[in-house]
Amino acid sequence: QNQVAPGPAPPIPAQAAKPQPAVISPPHPPAPPPANAAAEAADAEHPPCNNKPIKTGSCWVDGQEYKCSPVPGNSVLAQDQPSPMAGCLGGKEAWDTCDNGWFLCKPQPPLPKETFHTIFNVQSS
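Numbering (the numbering used here), first residue to last: 138 to 262.
Since the hints were derived computationally from the structure, they do not count as laboratory data.
Certain hints may be false.
[As the list claims (entries may be wrong)] Keeping only pairs whose Cα atoms sit at most 35 Å apart, straight-line, the calculated DSBU-like set for lysine-lysine is:
id	residue 1	residue 2
1	K189	K243
2	K189	K229
3	K204	K250
4	K229	K204
5	K243	K204
6	K189	K204
7	K243	K229
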């Protein structure tokens, strides 16, 4: 009979550490657009007339476009000044929005080109 003398157990060879796969967290989904993204985009394209300078641009009131325009014979001198004519807002809306005493008025369509007829004939030489 072969008997093995009791004693300490032979050392277990060290196992090579298995490389652990890198833990990659899933990418975060993009933040959902704000509920009023369409309204924000519209505001960026059509800013409201809210007593902030717009210089030569335009702004919107109740879905209508307005631009700073001179009105002959009238200037915005006070916030409570009434509208000088149809198509223009009063001093309340134009105050701090327009410079030079101008009012916020709806843009006017361009005037058609006029053709002038004369009685003279033009001859080329």
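Now for the hints, and whether the structure bears them out:
1. K189 - K243: holds (18 Å)
2. K189 - K229: holds (12 Å)
3. K204 - K250: With a Cα-Cα distance of about 23 Å, the restraint between K204 and K250 holds, given a limit of 35 Å.
4. K229 - K204: holds (15 Å)
5. K243 - K204: holds (6 Å)
6. K189 - K204: holds (13 Å)
7. K243 - K229: holds (16 Å)
In the structure shown, no violation is registered for any of the earlier numbered hints.
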